[in-house]
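> Same order as they appear, the protein sequences are chains A and B.
Quick note: the first sequence uses my numbering, first residue 1, plus one each step.
Quick note: the second sequence uses my numbering, first residue 1, plus one each step.
Since the hints were derived computationally from the structure, they do not count as laboratory data.
Among the clues, some could well be false.
The list treats identical chains as one, so a pair stands whether inside a single copy or across any two.
Stated by the list, open to error - Computed cross-link-like contacts, PhoX-like style, restricted to lysine-lysine with a CA-CA straight-line distance of at most 20 Å: (1) Lys-492 <-> Lys-429; (2) Lys-272 <-> Lys-262; (3) Lys-429 <-> Lys-439; (4) Lys-47 <-> Lys-98; (5) Lys-403 <-> Lys-47; (6) Lys-301 <-> Lys-287; (7) Lys-439 <-> Lys-229; (8) Lys-358 <-> Lys-233; (9) Lys-66 <-> Lys-403; (10) Lys-52 <-> Lys-187; (11) Lys-66 <-> Lys-252; (12) Lys-358 <-> Lys-229.
There are 2 protein chains.
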Amino acid sequence: MLSPNPHLWLGLIICGAGVNYVFENSIFALQNPVIDLKPQQVMAKQKPTIPKGTRDFSPSVVVKRKYIFQIIEQAFQRYAYQPLETPSMENLSTLLGKYGEEGDQLLFRILDSGDFFNGQAIELLKNHFPGEGNSAALSSQLRNQIASKGLRYDLTVPFARYVVQHRNELTFPFKRYQIQPVWRADKPQKGRYREFYQCDGDVIGTHSLLNEVELIQIVDDVFTRLNLKVTIKINNRKVLKGLTEYVGQPDKFMDLTMAIDKLDKIGPEKVKQEMRQRGLSGAAVDKLEPFFSLSGDNRGKLQHLTRMLEGEQGQKGLEETQQILDYIEVLTLNNPVEFDPQLARGLDYYTGTIFEVKAHEMDMGSICGGGRYDDLTGVFGLNDVSGVGISFGAERIYDVLDKLGRFPTHMQPAPRIMFVNFGRKETQKALEILQALRKEDIPAEIYPDPVKMKKQMSYANHRSIDYVGMIGEDEIARDVITVKNMESGEQKQLSLQALKDLLAGSD
Amino acid sequence: MLSPNPHLWLGLIICGAGVNYVFENSIFALQNPVIDLKPQQVMAKQKPTIPKGTRDFSPSVVVKRKYIFQIIEQAFQRYAYQPLETPSMENLSTLLGKYGEEGDQLLFRILDSGDFFNGQAIELLKNHFPGEGNSAALSSQLRNQIASKGLRYDLTVPFARYVVQHRNELTFPFKRYQIQPVWRADKPQKGRYREFYQCDGDVIGTHSLLNEVELIQIVDDVFTRLNLKVTIKINNRKVLKGLTEYVGQPDKFMDLTMAIDKLDKIGPEKVKQEMRQRGLSGAAVDKLEPFFSLSGDNRGKLQHLTRMLEGEQGQKGLEETQQILDYIEVLTLNNPVEFDPQLARGLDYYTGTIFEVKAHEMDMGSICGGGRYDDLTGVFGLNDVSGVGISFGAERIYDVLDKLGRFPTHMQPAPRIMFVNFGRKETQKALEILQALRKEDIPAEIYPDPVKMKKQMSYANHRSIDYVGMIGEDEIARDVITVKNMESGEQKQLSLQALKDLLAGSD
Chain A
1 MLSPNPHLWL GLIICGAGVN YVFENSIFAL QNPVIDLKPQ QVMAKQKPTI PKGTRDFSPS
61 VVVKRKYIFQ IIEQAFQRYA YQPLETPSME NLSTLLGKYG EEGDQLLFRI LDSGDFFNGQ
121 AIELLKNHFP GEGNSAALSS QLRNQIASKG LRYDLTVPFA RYVVQHRNEL TFPFKRYQIQ
181 PVWRADKPQK GRYREFYQCD GDVIGTHSLL NEVELIQIVD DVFTRLNLKV TIKINNRKVL
241 KGLTEYVGQP DKFMDLTMAI DKLDKIGPEK VKQEMRQRGL SGAAVDKLEP FFSLSGDNRG
301 KLQHLTRMLE GEQGQKGLEE TQQILDYIEV LTLNNPVEFD PQLARGLDYY TGTIFEVKAH
361 EMDMGSICGG GRYDDLTGVF GLNDVSGVGI SFGAERIYDV LDKLGRFPTH MQPAPRIMFV
421 NFGRKETQKA LEILQALRKE DIPAEIYPDP VKMKKQMSYA NHRSIDYVGM IGEDEIARDV
481 ITVKNMESGE QKQLSLQALK DLLAGSD
Chain B
1 MLSPNPHLWL GLIICGAGVN YVFENSIFAL QNPVIDLKPQ QVMAKQKPTI PKGTRDFSPS
61 VVVKRKYIFQ IIEQAFQRYA YQPLETPSME NLSTLLGKYG EEGDQLLFRI LDSGDFFNGQ
121 AIELLKNHFP GEGNSAALSS QLRNQIASKG LRYDLTVPFA RYVVQHRNEL TFPFKRYQIQ
181 PVWRADKPQK GRYREFYQCD GDVIGTHSLL NEVELIQIVD DVFTRLNLKV TIKINNRKVL
241 KGLTEYVGQP DKFMDLTMAI DKLDKIGPEK VKQEMRQRGL SGAAVDKLEP FFSLSGDNRG
301 KLQHLTRMLE GEQGQKGLEE TQQILDYIEV LTLNNPVEFD PQLARGLDYY TGTIFEVKAH
361 EMDMGSICGG GRYDDLTGVF GLNDVSGVGI SFGAERIYDV LDKLGRFPTH MQPAPRIMFV
421 NFGRKETQKA LEILQALRKE DIPAEIYPDP VKMKKQMSYA NHRSIDYVGM IGEDEIARDV
481 ITVKNMESGE QKQLSLQALK DLLAGSD
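Extracted from the complex, chain A is given alone in its bound form:
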C-alpha cells in the first residue's frame, strides 16, 4: 500500500493505539504542494530579477557555503588568527591605483548622495559639452567627480588600510582572517561572479618563515577536513629574481615573472616568446632552457637550482624554501607540498614565498593561493612591514565539492521532526512537546494550519524532514507521541524522553 519511495509516499494509514487516521492514497503533482497559486494571484507584471553576475543563495546552498566557511574559519582560529571585518564600501582614494588600470575599471562606484552634480562635475561638463560624440571619455572623467566611494574589490587592500589606520591599537605580529564578499564589475560568465566571497588569512609584522609553515599547515588542515586531496605548490619570488641574475638581466624581474605565470595556459614556447617580447635577450632566454625542463623531487630541484643560481637573491630564495620544507618534513601533513620553481603568481606585490593549491581529482585551476609581501602597507604610508597571506577560493572549492559529491549528506536545512497539525487542542499539546525539544537544541516544527493530512505530509516530504510526529486525543490521554520515520516508513509510539533520545542522535 505504501510507495517504495518514502519521499513520494503520500497516502497513509496510521494506527495509533486505538485511533486511526485515514487519508486518501493518491499521488498528485508535487509542485507548489502547499500554496496553490491561482493564475490571478500572479499579475501580468514582469517577474522580478537580480543584477547579472549576482546570485540568490537558497537555503540548501547557504548550508553548504557555510560548511566551507566554517571549516576555513575554524582552521584559522586553531592557528590563532583573529577575525576582522571591514566596511563593504571604501573611499575611492583607498581603492584606486591598487589593482592596475584594469582593476580601476572593474570597481563598482557608488554615486554620491544628494546633489552630486555640482562643483567640479558641472565645470567639467561645461568645458566638454556638447559632447555627444565623446560620451565615453566624458563618462570616464565624470566618474571620479560624482562618486567618492566604491565597493571593495578584494580583502587585501582594506586589510592594509586597516593596519595602517589602526597601527597604534594593534599588537604585532597581527594575524587576521577575513571572510567577506567582494565586488568586481567583471563580465559575468560561468564561475565568475560580480559578487563573491573571499576567505583570507594574513599575518603582518614578522619576517619569520614559521608563518609560511603555518599557512601550509592551515591549507593542509582545511582540505583534509573538506575531504579533498590537493597538492600545495610553493616557490619563492627570490628564486625568480635569481633567474634574472643568472641570465644577467636583474631589471627584468617582473617581466620574467609575468611571462612564467602563463606557463600553464600557453606552454613553454609561447612563454619564451613572451619573454623576448618583454625585453629579455635571446641569449638570456636560451640560458633559461634547463629551467623549463626541471624535474625530480623537491630535494633534486633544490640541489639543481642551488648549483645554477649563484646570485644572492636566488640563493636566499632557495634557502628559505629549504627551511620551510625542513620544518614541514617532521609534521607529516596529509597533502604533498611540492617545490615548483615554475610557479609565479600574477600579483605584483609578492616578494618571497608564494603558494598555490590544486585539487587532485578535478582540473579547476588554483583553489587557494597566497604569498609573502614586504611592503603591502607602503602605499598607505607605512613602510617596511613584512607580511604573508593566503586566500581560499571558496566559490571554486564549492564547485569542486559539489561536482565530486563531497558535501556531507544530511546537510538539509530541515528540522528533525515536523508535527502534524490536527487542530487547536492537539496543537496546544504539540507546542509543549516542541518547547521541550527545542530546549535541547533539537530543531522542530509544527505545520501551521490544520489542513488535509496529504498537504502536511507533502510539505514534510519536500523539506526532507526525517520524522513526522502525531499527537491526537489518544496520544494525549496516554502521554505518548506517535513518530514516523519518513525514510523507513517505520512508526512507533514514544515517550517524550525516548523521542528526545531518538532525535538528539545524528540519524
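With the hints as your guide, set chain B onto chain A.
This is chain B only, laid out in the frame that chain A set:
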C-alpha cells in the same frame, strides 16, 4: 618581584628542572610592543580613513557580534527557519517606490559601468544645460539614468522579490531567516550607521496564528540566551482599524496609525493634535479619550476593548490577540508578553499582529520588532500571500549588552596557549606539540621570531593569552612542557596529555 597584575608583568624568572631563563625585569611602554615603528616608516601621507557612517570591526568586536548573530541564528534554526542570502545589490526597479519618498533618497545607487553617460542621460543634459543654478534638480533626474542598481535598504523587499522570483521552487509555507548587512545613506549619528546588519525571520504562505506564537517564542528564546530581560509587546493592526470604525472614520486608518506611532515620543496631547491635522474630526478624537487612558493587565484591556470596539475589524483583531495569548499562556516564557493597544509601528504594510520588544534595564527604544502583512509580495505581482516576520536590531542589542556588561567573559579572540620561540631546534619540537593540540581543536600558536623574551611575553599579555608554554633543551630531553598560567602566575611541567586536558577545559 612580580607585578601584582599579571597582565602588566613583564620580567620573569622561570625555573624549569635544571634550566633557568632569566630576563630583565623592567616595565616599558606597552604601545606597539612588537613592531617598533620608526618615524621614517610612517610617511607624510595622510592616514587613510573609511567612509563616514561605516565601521571597521576589530577582532574583539567581531567576536561579540558573532555571539549575537549565532544566538539569533540558532534560535531560528530550532524553529525550522531556513537560511537565505540575497545579493547586496538589487535592481533599482526592485528597490524604488518601496520605502516611500524618503527611502528612495536614502538608497545607495551604484554607478553603471562603462559609458554610463550616453543615450537618455546625454539627452537629459542637453535639455537642461547650462543649468548651474539647478544642479540639485539635475542630479535628482540624472541619478536614475546613470545608475540601474542599488545596495539593498532592508532584507524584507529582497525577501519578497526572492519569493516571487523563486515561487515555483519553494515549498510553502516558507520560513526563512536572513542575517546580512543593509545600507542607507542616512545622516550618520550616534548609533545610526550607513552600513548595518539586520537579522530577519519571516514565514510566508500561511495565515496561522501559530506563526505569531512561534515568533514570540523565538524572541523569548533569543533574549533568554542573551541574558537580557525584555517585555514583548503585541498589538494588532485590526484593533487600530477597529478604532477608526469606532469613531466612524474607517478611511483614516493609516493616519490614526501613524499618529499613534508617535505616542512614546510626543505624548498623547500632541498625538491628538496630529490626528486632527491628519483629518480626524474633533468629535472622533474626543471619542478616543478612553483609549489613551487604557490600563490594567492583558485580560482587562482585552475585555475593555471588546466592549468598546464593536466593528468587525476590531473584534477580529481582539480575537486574534486573545488566541495568541491563550497559546502563550501554557508555554511559560521567561519574558512577559504585554498586549499594548497603543503599539502602532511605522511600516505601512502590516495588516495583523504587530510586535515590539524593549529591554527592561535600559531605555534603548525597540530592540526587535515585526508583524503580519497580507500582501508583501503584491508589489512584485504575487497577490494574497500572507506572511509574518520579525527583525532583531542587532546593533542596538550589541550596545545594550555592551553597556550592561552582559557579554560572556573569556570572549577574547585569543589562542589558549602561546609557545615561546627559543630558536630553530626548540621550535621544531613546539610545532609537533602545536600540531597535536590543534588536532584536538585547541587554538594555539608559537611566537614567530626568536626575539627577546620580553617582547614575546608582552605579545602574550596584550592578546590576553591564558597560558604560555616553554620548551627548552631540558623539556625536550624530559618530554615535558613548562606551562605558565598568565593569570595566577603559577607554573608547572606537564606531559602533552596533561596539557591537552588542561587546555580543553573552559579555563
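> Run every hint past the structure and note whether it holds.
Going down the list of hints, with the structure as the test:
1. Within a single copy, Lys-492 and Lys-429 get their C-alpha atoms as close as 18 Å, which meets the 20 Å cut-off; across copies the closest is 56 Å, which misses it.
2. For the identical chains of this complex, Lys-272 and Lys-262 are intra-copy neighbours only, at 10 Å inside a copy versus 74 Å across copies, given an alpha-carbon limit of 20 Å.
3. For a Cα distance limit of 20 Å, the shortest separation of Lys-429 from Lys-439 inside one copy, 16 Å, qualifies, whereas the shortest one across copies, 45 Å, does not.
4. Proximity of Lys-47 and Lys-98 under a CA criterion of 20 Å is satisfied inter-copy only: 16 Å between copies versus 39 Å inside one chain copy.
5. In the homo-oligomer, the alpha carbons of Lys-403 and Lys-47 never lie at most 20 Å apart, since the shortest distance is 30 Å inside one protomer and 46 Å across protomers.
6. Taking the shortest alpha-carbon separations for Lys-301 and Lys-287, only the intra-copy value of 17 Å comes in at or below 20 Å, while the best inter-copy value is 93 Å.
7. For the identical chains of this complex, Lys-439 and Lys-229 are inter-copy neighbours only, at 18 Å across copies versus 39 Å inside a copy, given an alpha-carbon limit of 20 Å.
8. For the identical chains of this complex, Lys-358 and Lys-233 are intra-copy neighbours only, at 8 Å inside a copy versus 55 Å across copies, given an alpha-carbon limit of 20 Å.
9. In this homomeric assembly, Lys-66 and Lys-403 come within 20 Å of each other (Cα to Cα) only inside a single copy, at 17 Å, whereas the closest approach across copies is 31 Å.
10. In this homomeric assembly, Lys-52 and Lys-187 come within 20 Å of each other (Cα to Cα) only inside a single copy, at 9 Å, whereas the closest approach across copies is 30 Å.
11. Proximity of Lys-66 to Lys-252 under the C-alpha cut-off of 20 Å is found in neither arrangement, the shortest distances being 43 Å within a copy and 47 Å between copies.
12. With identical chains, the CA atoms of Lys-358 and Lys-229 are at most 20 Å apart within one copy only, with a shortest distance of 9 Å there and 51 Å across copies.
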